[in-house]
Each structure stands twice: as structure tokens, then as C-alpha cells.
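J.: Take the sequences, apply the hints, and build the full model.
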Amino acid sequence: MSVISPERLGELLDRHGPALVLLARQWTAGPEDVVQEALVRLAGQRPPPDQPAAWLFRAVRNAAISAGRSEGRRRKRETAVARERSWFLPTEDKSLDAAAATEALAGLPVEMREIIVAHLWGELTFDEIAQMTGQSKSAAHRHYQAGLAALRERLSGLCPKIDP
Amino acid sequence: MSQDRPLNNLDEVARRLRSLEPAGRIDRDRVMYLAGRQSAGAKHWAWPAATGLAGAVAAVLAVLLAMRPDATVTPVVARPPTADHPTARDLVDITRPFSQFRLQQELLGGLSHDRAETRLHTGSDALRPRDFSVLSRDGVKL
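Order-wise, the sequence lines are chains A and B. 130 is the number of the first residue of the first sequence in this note's numbering; add one for each residue after it. 280 is the number of the first residue of the second sequence in this note's numbering; add one for each residue after it.
Simulated from the structure, these hints should not be mistaken for laboratory data. Each hint should be verified, as a subset may be incorrect.
Said to hold, decoys possible - Short derived list, chain B residues pointing at chain A, Cβ under 10 Å:
no.	residue
1	N288
2	R297
3	A302
4	R309
5	G315
6	D393
As the list claims (entries may be wrong) - Short, incomplete list of chain B residues facing chain A, as computed with Cβ under 10 Å:
no.	residue
7	V292
8	L299
9	D306
10	R358
Said to hold, decoys possible - Straight-line distance between alpha carbons at most 25 Å, and here's what the computed SDA-like set of lysine to any residue pairs gives:
no.	chain 1	residue 1	chain 2	residue 2
11	A	K266	A	G159
12	A	K266	B	L289
13	A	K266	A	E252
14	A	K266	B	R294
15	A	K266	A	A235
16	A	K266	A	G139
17	A	K266	A	A278
18	A	K266	A	A228
19	A	K266	B	E291
20	A	K266	A	D179
21	A	K266	A	T220
22	A	K266	A	M241
23	A	K266	B	D363
24	A	K266	A	S285
25	A	K266	A	D256
26	A	K266	B	A329
27	A	K266	B	P354
28	A	K266	B	D290
Think of the CB as a built atom: it goes at the ideal place given N, C-alpha and C, for glycine as much as any other residue.
T.: Spelled out as C-alpha cells, the structure:
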């Protein structure tokens, strides 16, 4: 029985790796480990899933939630420290600061954050997001819009160039 | 309006957010190595299964060996021969001399000495001799 090819796995890693790390970061302090484990699990899937990208996001989300639950008080403190670091690489764009975006995103409920991350950086459709989160497509879209509106409000205070 | 398309006034926020690149990098070489091991390891399940099966059989045999009852010794009592149970020695007249001539007489019955020797030597006495001679109408060999 066939497995996913190394080329396809590398392509998925290059294209979705950073977004997967950002998604896992919403629940756990060790997002890289969760993503790595999910990629290795994908390599062992026989047959490989029809939509490996959507499968990866779902696997990473479930594993990150599980890891976050198993992390104790010490890890929660580490998570808080990790949130102090920027979730994004420094950018030349002066209109949106990476640290400000991190702060604004971290202030949203996790139900909104995961949808925004999956759609903006993971390039998942709302159908795929609905399957991942176990809610309807319209509910996923509603959360996305509400989250984006909340981000606009927050970022308008942090980045004056964005008008509310 | 499609649900996949965000509201117009949020497009700019989404665009600027999307321009940010998430931090955190995966060790690509390590992932590919572990993925290769994972995909190859799943194929070779036969040898671990065979090893496990052989181990289980060895364990069962060891248990059976440990639980095997001790070997019992059955004593055999030798009784002196009686009239009802004579020994082989009693049935053979060992007082008569035994000779090859006597054997020939008893087994080959009347064959000449040379022919009996030949048959005893080749073992052809075990075979019934066949006569392929042609007989006449009167039954005389031709």
C-alpha cells in the first residue's frame, strides 16, 4: 500500500510548516514538537489522506490541544513567557508591527484565533476549517469575521495607520 | 456574497496580517529522517512478528518441559523358566550338530551341492525359477 512521497511531504512542510507551528502555538508551548510529530504520523498513513494539508491541520490542532491539557502549571508559565515573544518574524513593513500583531491575536478567544490562523496563514477554506473545528461552515465564517473585526479594533490602537 | 470572501472593510486587515510570516521553524532534515523511518518501519512488520511468534512457541515449550512428569522406571522381574513358559533354549535341540549340509537339506531339499551353493550365494533361491522352454504338442521340451 502506498505512502505519501518524500517530495510531497517536503512540499507540505515548506508550504504549511510555519502556519502549522502558529496554529499549535495557540495551545502548547512546544509547537514545533507537535508539528514534527504530525508530519511523521502523516508519513506512516496507509493510504495517505486525500487532503493531506487539511489532515495535517486537524492532526496538529488535536495534538496541540492534547499537549496543552497535559502541560502542568510549569508549562503554563512557560507558555506565558512564550507569548511574550513575537509569533511572527520581524518585518520591514512599518504599518503592522509583528509584536503588535502578536499581542492583538493573543487577546482573542482561541475559537477565533484558530480560525483566523487556519484561514489566513494555513490557506484552508471554511469548509476545511469547519471539518477541523467540528462546527458549521457558517459558524466558522462568523467567528472569522468577528475575530478579524476585533483585530482591526485592537490593531487600530496599536498601529495608527490602520483605520477602524 | 460568498462566505469565503471577507467583508471589504476587513480585507486590508487580513492582507496585512497575511503579510506577516509566522515564527518558528521545523528541523526539516530531522522530520524527513523520522518520516522515512516511519514509512519504512511500517513495511517490515513480518520479522518482528516472526520473532514474537518464535518467542511465544519457545516459551510454551519451556513451560511444557518444566511441567513434564518425571520418567518412571518399571521393574521387570525375571522368572525362572517353567514348563508353561519355556525359554527359546528349551525349544532348540542344541545337542544335535549343526552343519551347512544339514541347512541345505532342510532348506533347499535335494538340490545339488553346487546349485545350492550358488543359490545361497546369490540369494536367487528366494525367486521361483521360471521355465521358458518350448514344449511340443506331446509335452516334450524342444
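J.: With chain A as the partner, please determine if R358 of chain B meets the hint condition of a C-beta pair closer than 10 Å.
T.: With a closest approach of 75 Å, the R358 of chain B hint is violated.
J.: K266 of chain A and D256 of chain A were given as a pair; does the straight-line alpha-carbon distance stay at or below 25 Å?
T.: Holds. K266 of chain A to D256 of chain A sits at ~6 Å (cutoff 25 Å).
J.: For the pair we were handed, K266 of chain A and L289 of chain B, check the Cα-Cα distance against 25 Å.
T.: It holds: about 19 Å lies between the C-alpha atoms, which stays within 25 Å.
J.: Below or equal to 25 Å on CA atoms is what counts here, so check K266 of chain A against P354 of chain B.
T.: violated (90 Å)
J.: Decide if the proposed pair is consistent with the structure: K266 of chain A and D179 of chain A, CA atoms, cutoff 25 Å inclusive.
T.: Within the cut-off at roughly 20 Å; holds.
J.: Check the hint pairing K266 of chain A with T220 of chain A against an upper bound of 25 Å on the C-alpha distance.
T.: violated (33 Å)
J.: Taking the closest Cβ pair, is A302 of chain B under 10 Å from chain A?
T.: holds (5 Å)
J.: Can you verify the interface hint for D306 of chain B: is its Cβ closer than 10 Å to any Cβ in chain A?
T.: holds (7 Å)
J.: Against chain A, run the beta carbon of D393 of chain B and see if the smallest gap drops under 10 Å.
T.: At 83 Å from the nearest chain A Cβ, D393 of chain B fails the 10 Å test, so the hint is violated.
J.: For K266 of chain A and M241 of chain A, compute the direct alpha-carbon distance and say whether it is at most 25 Å.
T.: holds (14 Å)
J.: Does the alpha-carbon distance linking K266 of chain A and A228 of chain A stay inside the 25 Å limit?
T.: violated (31 Å)
J.: Can you confirm whether the C-alpha distance between K266 of chain A and D290 of chain B stays at or below 25 Å?
T.: holds (19 Å)
When the structure is compared with the earlier hints, violations turn up for hints 6, 10, 11, 16, 18, 21, 23, 24, 26 and 27 and for no others.
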